Amino acid sequence: MPGTWEVRLSGSGGQGLILAGIILAEAAIIDGQNVVQTQSYGPAARGGASKAEVIISQEEIDYPKVDRPDIFLGLNQESVLKYMDGCKDNALAIVDAGLVNHIPPSKARVYALPITETARKQVGRELVANVVALGALSALSGIVSRESVTTALLRRVPKGTEDMNRKALELGFNLGEQALAGAQAGHN
Amino acid sequence: MPGTWEVRLSGSGGQGLILAGIILAEAAIIDGQNVVQTQSYGPAARGGASKAEVIISQEEIDYPKVDRPDIFLGLNQESVLKYMDGCKDNALAIVDAGLVNHIPPSKARVYALPITETARKQVGRELVANVVALGALSALSGIVSRESVTTALLRRVPKGTEDMNRKALELGFNLGEQALAGAQAGHN
Amino acid sequence: MGCNIVTDLSSVPRLRPAAVVINQAWCKKCGICIAFCNKGVLAFGEGNRVEVAQPENCVGCGLCENFCPDYAINLEVADQ
Amino acid sequence: MGCNIVTDLSSVPRLRPAAVVINQAWCKKCGICIAFCNKGVLAFGEGNRVEVAQPENCVGCGLCENFCPDYAINLEVADQ
Amino acid sequence: MLPEIEQYFRLEKLPHMWCPGCGNGIVLHCLVKAIDKLCLDQDRTVMVSGIGCAARASGYLDFDTLHTTHGRALAFATGVKFAKPELNVFVLTGDGDCTAIGGNHFIHAARRNINLTTIVFNNNIYGMTGGQYSPMTPNACRATTSPYGNLERPFNLAELAIAAGATFVGRATTYHTKQLTDLIIEGYKNNGFSLIEVVTHCPTSFGRHNKMGSPADMLKWQRDHGVTAMRYENLSPEERSDKFIVGVLHRCEAPEYTAEYQKLQEKFRGR
Amino acid sequence: MLPEIEQYFRLEKLPHMWCPGCGNGIVLHCLVKAIDKLCLDQDRTVMVSGIGCAARASGYLDFDTLHTTHGRALAFATGVKFAKPELNVFVLTGDGDCTAIGGNHFIHAARRNINLTTIVFNNNIYGMTGGQYSPMTPNACRATTSPYGNLERPFNLAELAIAAGATFVGRATTYHTKQLTDLIIEGYKNNGFSLIEVVTHCPTSFGRHNKMGSPADMLKWQRDHGVTAMRYENLSPEERSDKFIVGVLHRCEAPEYTAEYQKLQEKFRGR
Amino acid sequence: MSSEPRLVQGNEACAEGAIYAGMRFYAGYPITPSTEIAEILAKRLPQVGGKFIQMEDEIASMAAVVGASLTGVKSMTATSGPGFSLKQENIGYACMAEIPCVVVNVQRLGPSTGVATAPAQGDVMQARWGTHGDHPIIVLTPSSVKETFELTVRAFNLAEKFRVPVILLMDEVVGHMREKVILPEPGELPVYDRLKPNCSREDYYPYRADWDKAPPMAFFGEGYRYHVTGLFHDESGFATEKPEVIDLQLRRLHNKIYRHLDEIITYHSEQTEDAELVVISYGGTARAVSRAVKLARQEGRKVGIFRPQTLWPFPEEAVAELAGAGKKLLVAEMNYGQLLLEVQRVAAGRCAVTGCLQTNGELTQPETILNKIREVYEHAPGN
Amino acid sequence: MSSEPRLVQGNEACAEGAIYAGMRFYAGYPITPSTEIAEILAKRLPQVGGKFIQMEDEIASMAAVVGASLTGVKSMTATSGPGFSLKQENIGYACMAEIPCVVVNVQRLGPSTGVATAPAQGDVMQARWGTHGDHPIIVLTPSSVKETFELTVRAFNLAEKFRVPVILLMDEVVGHMREKVILPEPGELPVYDRLKPNCSREDYYPYRADWDKAPPMAFFGEGYRYHVTGLFHDESGFATEKPEVIDLQLRRLHNKIYRHLDEIITYHSEQTEDAELVVISYGGTARAVSRAVKLARQEGRKVGIFRPQTLWPFPEEAVAELAGAGKKLLVAEMNYGQLLLEVQRVAAGRCAVTGCLQTNGELTQPETILNKIREVYEHAPGN
Ligand SMILES: Cc1ncc(C[n+]2csc(CCOP(=O)(O)OP(=O)(O)O)c2C)c(N)n1
Ligand SMILES: Cc1ncc(C[n+]2csc(CCOP(=O)(O)OP(=O)(O)O)c2C)c(N)n1
Ligand code: SF4
Ligand code: SF4
Ligand code: SF4
Ligand code: SF4
Ligand code: SF4
Ligand code: SF4
Ligand SMILES: [Mg+2]
Ligand SMILES: [Mg+2]
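Chains U, Y, A, F, X, V, P and S, in that order, are what the protein sequence lines are.
Residues 1 to 188 (the UniProt record's numbering) are what the first sequence spells out, left to right.
Residues 1 to 188 (the UniProt record's numbering) are what the second sequence spells out, left to right.
Residues 1 to 80 (the UniProt record's numbering) are what the third sequence spells out, left to right.
Residues 1 to 80 (the UniProt record's numbering) are what the fourth sequence spells out, left to right.
Residues 1 to 271 (the UniProt record's numbering) are what the fifth sequence spells out, left to right.
Residues 1 to 271 (the UniProt record's numbering) are what the sixth sequence spells out, left to right.
Residues 1 to 383 (the UniProt record's numbering) are what the seventh sequence spells out, left to right.
Residues 1 to 383 (the UniProt record's numbering) are what the eighth sequence spells out, left to right.
Take these hints with a grain of salt, some might be off.
No more than 25 Å apart at the CA atoms, straight line, and that leaves these computed lysine-lysine pairs for PhoX-like [said to hold, decoys possible]:
#: 1; chain 1: P; residue 1: LYS213; chain 2: P; residue 2: LYS242
#: 2; chain 1: F; residue 1: LYS39; chain 2: V; residue 2: LYS220
#: 3; chain 1: P; residue 1: LYS161; chain 2: V; residue 2: LYS13
#: 4; chain 1: V; residue 1: LYS178; chain 2: V; residue 2: LYS243
#: 5; chain 1: X; residue 1: LYS211; chain 2: A; residue 2: LYS29
No lab work stands behind these hints: they were computed from the structure.
A quick note: this is a predicted structure, and the numbers were derived from the prediction, not measured.
The task is simple: from the sequences and hints, build the whole structure.
This is the structure:
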């Protein structure tokens, strides 16, 4: 479909990917787009590989699942192996540099970014890795505007954690921008 | 159907009509007949009107319910009003002389016999009115042989009550035979 | 109307009632009233009908009315 | 085979074990063993891996093994 | 029947369908006497029952009456009471209805301490279906499904209710009519879950299988075996073995469920 | 894990699916230690569980294992045990599984005193479905369906079991592993219905909502709040208020159901 | 069991048939009009070395039956509508975990409590579709006391062979009716026993079988130490969420039934060859139909009767053949038209399909059916 | 509720739609994938003056809902397959006693425990036939988050108007999906309130109504003092066993639904006029069908889509029309072919009817449907 982005966010159960998907979707709504968000759970959504998917489009969205991602995020090894498959040619793929060692063969443009490390070292909470990732993803793809994603984020996070989250998002934006400017992680 | 007897026994819940029906059916089996026995219960089979039906035939029996009785027994007023309806022309109808006052219009040959009274006064237990009735019915109709009904009765009754039951059955036979000999209760 | 009654009638020792009345339409002939009447007032009659055989013995204790499972006994108190 | 054991090993004060072995494939990094080791033997390492940081301090008390919900710790007793 | 309590009956439905001598009629009599003494508003009082002989009681009483499915009376009643706490809700249930298929709803209603006055007609049998043993049938008793005598032990219903959280528990018999009426009054007044167990007699399905004699004999059995707590105290263990206590067995305070919820609503309404 | 107990696990199924730090793994550990000490025949021992996180336990144990429907483990287990009394039957069930939807089967299994060793993994929450309050969630605690704090009172499960007829009742925690192992041994040895309640910790669905800290913190909470009966006796009422007893809580004798039935069979066989 | 003719009730024939088939475990909860089955078995089972237990409700009864069956004992429960509704979740469990057992439903008038003692056939569709999720099921229905005995034995045979719960769908008419019958001697009817694995524990996969077969079943307590669950599972019995495995296992569950229709489906068909109109009926209603068909024939109308003993899977082929031959079909049942829907589907417009339906709590009378026969015979469009 | 677009989950739309419709009583027991409905309502109901209670199981939940509804409060429960099976007995009670309420079933993969988080549509027939005895039932099924809101409101309107339990049959796809929606303002959607009697207590017969109508319903506690039972009852509400009364009352129960199909049945039909092939689908699957149909049209194939929002009573007339016009019908659903059976029945041989069925726990992909469309379009017999 024209003007449609299929986004797949994946990682382990506790990494907050559904929340990231929701924020991304809400940012797209602020931008005036149509959007559908879905997820898939493991046996009890603990550990392992889980995913959240977002489709963003100017058109009405019929089929709600992502078949062939335009954008892929993989925050742990298992989810990359399980869910990266099927990316479109030249899709954008972002993986956690610290937690992912192997990448399946793909024609995607792959960026390995220190997402979790940034969250742990620069924000002090690994928990916000999802937000860092969201920043990086927005910056690299331009799929949602910086303002919208910031607004959407701040609406969703618990009171008292706004600053921490804003910081995580900024760090993510920076990671993304640096990556855009710098070296691409190479095709393989 | 040729050679088929449809028998309906009715009375109140506690009068033992189902047992009477079973004994009648078993007597017919001893006589080498085919037989089907059914019953209908009230809300909880207590008091009111209940009925047991027996079809006796040389043929195979398909429909198991009695539509138009050849033989009708009514041991209380309510059941006579509710179930006597539908008797065949010239059917045999036996009602309890003490407990039944009104008989609906019918072309049956009606006998009003002191069944319960006989049980109470001559056997000393109202409980065996059903057996008295069975005796009278057999004698009046000849539907089952005297030996068979006696055998069937003695197989079914609790140990220790054989004599009482045999006596009740005899009294019933006598009631029936007297009635045959004597006056018919008249058509109405 | 219970709401106007200050003490429960049944707990007040009654005057000798005018009559023990059996509602034959409701009576199921269970015999409880007969068994519990200490004064032999009640008895089975013809066809097991419960009858007030000895009305003069009744002391209005209300046991029969109290235990009748079918509300078939009324103690009708005489107008004062 | 429990059936050949007369007294339960875990209830007998042990010899100083040769090694506390962590099965990293089963460990879920919950931190219970670290919190309950009174001797500071265990610690989180790189990427929250549980490491036997001070093996020499271990007294073989077995608490870590006992509380590990994932059976990821074994106290391997030295051959006598 | 006292003329002043006739108003609580649907007279046109009488005589009721219960067997001659069945104790259920006596329980109902006591219930309406209690309601009369309590001066309850007939229009704001609801009777909820399950399925069984006892459960047919609701049909004879002139209130809003709800005859539900087997075992579920307390769950339906929870809906009624929670939705409209200003209604007085009585639950009329048999021993099978309440303690067999309905056992779970019973312990949970007690645990929640929801303000339901529950009267269990305990005739120690499934009467309606013709006399199978129930969880309240004494050990060794005969029933159509225990032709060789019941192998199971019955519940001590009062203890179960207390353990589950009931805040009022009492027991009476169809012989102890005055006590029964009083217990219903006390149970109603308790702001929480109240159990009143009534030992009643089923001459047809229990008595007959267990040679208990006439209905009157069964009432006399109750008279001779149900004793007050005080008398029970003074009995020897042997004497106690076949006796049971009649009267208030338990009473305590605990927050009532619908009231707690109302507080919550007041706090968060419009938020 | 001690090498000698590895044989009781289906090692290829490990690591189990429970969350990091979940207490269920500790309970299982104690269970197999008990089984080992009891020298049970692995081929003649059956594990029956319902549905929930705890109920997944059966899949990790190398016996005949039966993972049933939610709340019904005890009813399935009754079928297994009654049909083949020579089998050792353990029931592994969560607090929701056992006391919410399964409450009726629980009180009836206890009443029948059927020889089942029942281990209730009490984490005070429905873990599997993501943290709704259970009948064992303490009053005022938070859960996804009690966002304003739980209005209900929890069961005292031990008292409920005793009132219902259980002949052995004990309680331990995932901290009190030695006691837990011993209780399972004692419970197994009891010829009748045995309940072992294990207070376990669910860091994901209970701990998080109620600010209980890390899994280790939750274990420490158990250490500090579970006391022996003897210690409990000596505490002041205030000190008692947040404590619970760990150890054997009840023990008595009663006929066991399957044995009673076997007697009946012997008596009437061939009649 | 003697070869003397006896007066036997339908419910009694069910109980005795079950014992004949080798059933030695019964768990139930009383409910009219099925209660006699429990009452008879409470007495009989201890005599034949079996077990009877009255559970706290129908859910527990169904659960206990499954548990018992896993120990290798043929197991059964009996109930009526309200209890049948309650058993549905665990019937689904038995389908999923492939546990042989027999569930008897002696139908009464519903919905809800309805009329406990009134005949009806309102649970035909529920017997097929009562539990959630897609599941195959076998449903048998008898018309006489003798057939009740025989179909009870068959129900166990099919349950054991295909490792499924089999529903014996009786109705109040047949359950409470007494007839003269000669009960079969031992050996007279075939009795099928469960296939057990003959491999070692290591080689045993409890859910490994050909694409259309039920796997051999080890008994609990015999050393196979396997896992049983209501979750989707692979051949080893352990839970899986792999789409291809789910697909395979679910397909096998269906195939093991639908690829063996010849073994499963039986029906009774009489005077259909020359018939212009065939009455399709079952259970108690079929007894009235027999009479009505006789009377219709006496009137010179060419009428036949088709009576499925297997309701589900529906004898689709046989009925399609009747429809294809252009015979008018009249479905007589005591409900609002349930099997009628299936007959309409199968007829696929090839013939007129009409219902003779009655739901007033009374057995349909032969006259009612005869009148309908006359009406359809004369007026329904032929082909 | 604002007219701002929001990201809303299907389960949330159900909860909010219920509140919009006036629902103020919820009783439930958690189960995946329906649990969010309960969680949201636990929070929201106290805020709007409503009541939320978590019951001990699904049976109790259904019972409490009926009890609450009798006091005049619009009531609801939500569950998934296993819980839906358990609720069946009391759903039948609500049918019989004519108690308005809404039962949500967010379907997951069955039978039995199946896979709790996997999408499926295996409860379509159970929703129609799950309880014992003959009973009419209304079943609605949404395909999007917005439609979930709207159909929840409709479900309450129909429940209140016809005094029936209405089943809102969702699936995991729609329940867990989040979409951008603008929730309706108050007043935007019609909200129907229960008809109360306006007569005196003496003149009130709780079950007296025209032959095809639901009677007005008095609330408990308002002085009408009437009787409610699951037994067959006459117009006064009291039990009866009179055949003619039973017949009359049961007929009215059916007629009040089947004589008002125009008010009850809605469907969405797109590009069917010129279509040679029409895909019939619903719920989550219909989303994949939409895509597939677009692709098929791009390939030049004349394909349309027919999507019932009312599953039961089935839009028989509309489908018969398609069949009559000789269009090929393809039924796409996530089960073994359930609605397919009904479509076959209604088509009555007038056109080719094929299924595109998937039961592996995954939402059918548009490609799968497209391939099937191509196959049927090319090869199925025309007429
Ligand atoms: C689900 C269900 N199971 C079983 C029944 C059959 N049934 C009706 S009443 C009853 C038992 C009644 O016993 P109890 O509650 O003690 O009442 P009683 O008749 O003794 O007063 C049973 C088993 C039913 N109606 N519904
Ligand atoms: C009939 C039915 N209702 C509801 C559910 C959903 N469900 C699965 S597990 C569970 C609760 C589990 O709680 P608990 O037994 O305490 O186990 P835990 O997960 O906490 O160990 C529920 C409600 C179900 N599977 N089946
Ligand atoms: S107690 Fe009542 S019902 Fe019984 S005999 Fe006396 S009056 Fe009649
Ligand atoms: S009131 Fe007392 S004395 Fe009079 S009849 Fe009744 S029981 Fe006997
Ligand atoms: S207790 Fe076990 S699982 Fe937890 S961190 Fe230590 S070794 Fe790992
Ligand atoms: S055995 Fe004891 S001392 Fe050694 S590591 Fe474990 S807890 Fe620490
Ligand atoms: S069967 Fe028993 S409980 Fe039922 S009405 Fe008769 S006596 Fe009463
Ligand atoms: S949710 Fe709770 S109980 Fe379930 S596995 Fe996680 S920690 Fe354990
Ligand atoms: Mg009872
Ligand atoms: Mg739990």
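Starting from the hint list further up, note which numbers the structure goes against and sort them upward.
3
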